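> Each chain, written out:
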Amino acid sequence: MDKYRNFNHQTHAAPSAGSTGAVRIENLSKQYRMGGKALNVLQDIDLSIRPGEFVSIVGPSGCGKSTLLRLIVGLDSDFTGDIRLDGKRITGTSLERGLVFQDHRLFPWMTVARNVEVALLNQKLPRERRESLITSHLELVGLAGFADAYPHQLSGGMAQRAAIARALVNEPKVLALDEPLGALDALTRVKVQAELQRIWMEAGTTMIMVTHDVDEALFLGDRVVVMSPRPGRIAQIVDVDLPHPRDRASPVLHRLKDAILAELTAEPGKGDAGLVQFPVRPRS
Amino acid sequence: MSRRFTSVLIGGVLPALLALLWEFAARRGGAASYAFTPIGQIADSFVTMLQNGMLLGDLWASLRRTLLALLIGGGSGLLLGTALGIFRPLSIGVSPLINIFRQVPILGWLPLIALWLGNGDGARLLLVSLAAFYPTVLNTQKGFDAADRKLIEAGMLYQFSRWQRVRFIALPSALPLIFTGISQALSFAWIATIGVELLFSASAGLGTEMVNAQVSARTDIIMICILCVGVMGFLLNHGLMLTRNHLLRWHRSALGEG
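These protein sequence lines are chains A and B, in that order. Residue 14 is where the first sequence starts when you use our numbering, and the numbers rise one by one after that. Residue 21 is where the second sequence starts when you use our numbering, and the numbers rise one by one after that.
Calculated directly from the structure, the hints in this document are not laboratory data. A portion of the hints provided could be inaccurate.
To be verified - Distance ranges between label pairs, derived from CB positions:
| no. | chain 1 | residue 1 | chain 2 | residue 2 | range |
| --- | --- | --- | --- | --- | --- |
| 1 | B | W183 | A | R46 | 28 to 38 Å |
| 2 | A | R140 | B | L132 | 54 to 64 Å |
| 3 | B | M176 | A | A51 | 21 to 31 Å |
Claimed, not checked - Heads up, incomplete: computed chain B residues facing chain A, CB under 7 Å, no partners named:
| no. | residue |
| --- | --- |
| 4 | A167 |
| 5 | K170 |
| 6 | M176 |
| 7 | Q179 |
| 8 | W183 |
| 9 | P192 |
| 10 | L267 |
| 11 | W270 |
Here the structure is a predicted model, which is why all the values come from computation and not from measurement. Here a beta-carbon is modelled for each residue, glycine too, at the ideal position from N, C-alpha and C.
Using the sequences and the hints given, assemble the complete structure.
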C-alpha cells in the first residue's frame with residue numbers, strides 16, 4: 014500500500030518500476046481468408062506505448078481490437094509488420110507478455126492458488142520464492158482469503174481478479190486485457206475498475222486494455238486509442254491528461270467522452286453508427 | 021431428511037406390490053406354486069445359503085471375476101484411450117478397427133474364444149474384460165478430445181510444454197468422461213460376468229448357481245441369485261458414483277449440479 018500512497022504525489026509519470034515494457038507496433042496489418050477472399054482485419058496500425066503506460070482501446074465490434082491483443086501476446090503470428098517489446102521483435106507467446114481474457118479461463122479443477130502457481134510452471138524458482146509470489150499476488154488482487162477456493166465458488170468479479178493475479182505473477186513487462194470486465198454487472202464493474210487502477214499503479218506493468226466501454230477506457234487509460242472497423246485501423250488517439258487515481262466525475266473525462274462518442278458514431282457513409290452499443294453486454 | 025424418507029417409501033411401493041402378487045401366485049396352488057416359491061421359503065433358503073457360506077462364496081467369485089476383468093479390460097482401455105486421445109495419427113489408424121469390433125456383441129466372440137481357450141477361467145476372464153474394454157477406451161478417447169480450446173490457449177500463454185498440456189489441461193478435462201467410461205465398464209462387466217457364468221459353468225459364481233438351481237428346479241435359489249445380482253450391481257454403481265462425485269467436486273459444481 015505504500016507504493017499506492019507514493020503514487021498519489023506523482024502526476025502523469027510512469028511508475029518507476031516500469032523502466033521496461035515499451036511496445037512498438039509498426040505498419041501492422043492482418044488478413045483473414047474467408048472462402049478465398051481476403052478480409053482486412055487490421056490495416057496499417059502504428060502505435061508506440063511507453064513503459065508503464067495504460068492504453069485503452071475502444072471501437073465498435075469487428076474493428077480488430079481483440080485480434081490486435083492476440084497478435085501482441087503471440088497467440089496468433091500470422092500478420093505483416095512489426096511488433097517489438099523493448100526493441101525486440103516478438104515471436105510466439107512469452108512470459109514477458111501476459112493476457113487476461115474476457116472469460117477468466119481459470120482451470121476449474123485447480124484452486125485459486127494452484128491456478129496462479131501454474132503460471133509459474135516454466136519459471137525456475139525456488140519453492141519459497143514461488144510461494145511468496147503467489148501470496149503477494151493474491152493479496153494484490155484482494156483474494157488472500159480465497160487461495161483454496163475453486164473457481165466455481167468465486168463471483169464473476171473475484172474470478173476475473175484471480176485471472177489478473179495469474180497473469181501478473183510472472184511479472185510480465187506488458188499485460189494485455191481483452192475486455193476483462195465485459196462479463197461483469199455494472200456495479201461490480203465499477204468496483205473492479207478501481208481495483209484494476211490500483212493494481213496497475215502498484216505493479217507498474219505496461220497495460221493495454223480493450224473495452225467496449227468509453228467511460229472505462231477514459232477512467233483507466235493514459236491514452237485512449239479509438240479504432241474504426243472494416244478494415245480495423247486507428248481513427249484517433251486521445252490523451253487523457255489526468256493524474257491517477259482519477260475521479261469519475263471529472264469534467265475532463267466527460268468532455269473527452271463526448272468527443273470519443275462523436276468520433277465513434279460519426280462514421281461517414283455506411284451508417285455504422287448504429288453498431289456502437291453503450292453500455293455493452295459483449296457477445297461471447 | 022423427511023423428503024428422503026418419503027422418496028424411499030414411495031420407491032418401496034412397487035417392490036412390495038410385486039412381492040404381494042408373487043406370494044398370491046405361490047399360494048394359489050397348482051402349477052403356479054411350482055413356478056412361484058412362497059416368500060417365506062425364499063427367506064429360509066436365503067438364511068441357509070448365508071449360513072453354509074454358499075451365497076457369499078458365489079458372490080465373491082462373481083465379484084472377483086468382475087473386478088479382475090475391470091482391472092484388465094478397463095485398464096488397457098484406459099491406456100489405449102489415452103494414447104488415442106493424445107496421438108492423433110494413432111487414432112486415425114486404430115479407431116476404425118475398434119469401431120468395427122465394438123459392434124460385435126460380447127457373446128458373439130464366445131465361439132471363437134471357446135475354440136481358442138476352451139471354456140475355462142481364462143476364456144471367462146477374456147470375455148468379461150472385453151466387455152469392460154470398449155466403454156473405457158471410447159470414453160477416454162472422447163474425454164481427451166473434450167479439452168477446451170480456450171484453456172489450451174491459456175496454457176500457451178504460460179509456455180506449457182506438450183506434457184504440461186496433457187497433465188494440467190487434457191487429463192483433468194478428460195476425467196469426467198473417463199469416469200463415465202469406468203462406470204459403464206463396471207456395469208457391463210458385472211452383467212457379462214453373470215452371462216458368462218451362465219454359459220460357461222464355473223466352479224462358483226452367481227450365474228453358475230442359477231444354472232444348477234434350474235436343473236434341480238429350485239426357484240427360491242434362482243430368485244435369491246437374481247436379487248443378489250441386482251442389488252450388488254446397484255451397490256457397485258452407487259459406490260463408484262460417490263467416488264466420482266467426490267473426486268470431481270469442481271466439475272459437478274461447475275456444471276451447477278451441486
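> Now tell me, hint by hint, if it's right for this structure.
So, going through the hints one by one against the coordinates:
{"no.": "1", "hint": "B/W183 with A/R46: 28 to 38 Å", "in the structure": "33 Å, holds"}
{"no.": "2", "hint": "A/R140 with B/L132: 54 to 64 Å", "in the structure": "57 Å, holds"}
{"no.": "3", "hint": "B/M176 with A/A51: 21 to 31 Å", "in the structure": "26 Å, holds"}
{"no.": "4", "hint": "A167", "in the structure": "11 Å, violated"}
{"no.": "5", "hint": "K170", "in the structure": "6 Å, holds"}
{"no.": "6", "hint": "M176", "in the structure": "5 Å, holds"}
{"no.": "7", "hint": "Q179", "in the structure": "5 Å, holds"}
{"no.": "8", "hint": "W183", "in the structure": "11 Å, violated"}
{"no.": "9", "hint": "P192", "in the structure": "4 Å, holds"}
{"no.": "10", "hint": "L267", "in the structure": "10 Å, violated"}
{"no.": "11", "hint": "W270", "in the structure": "5 Å, holds"}
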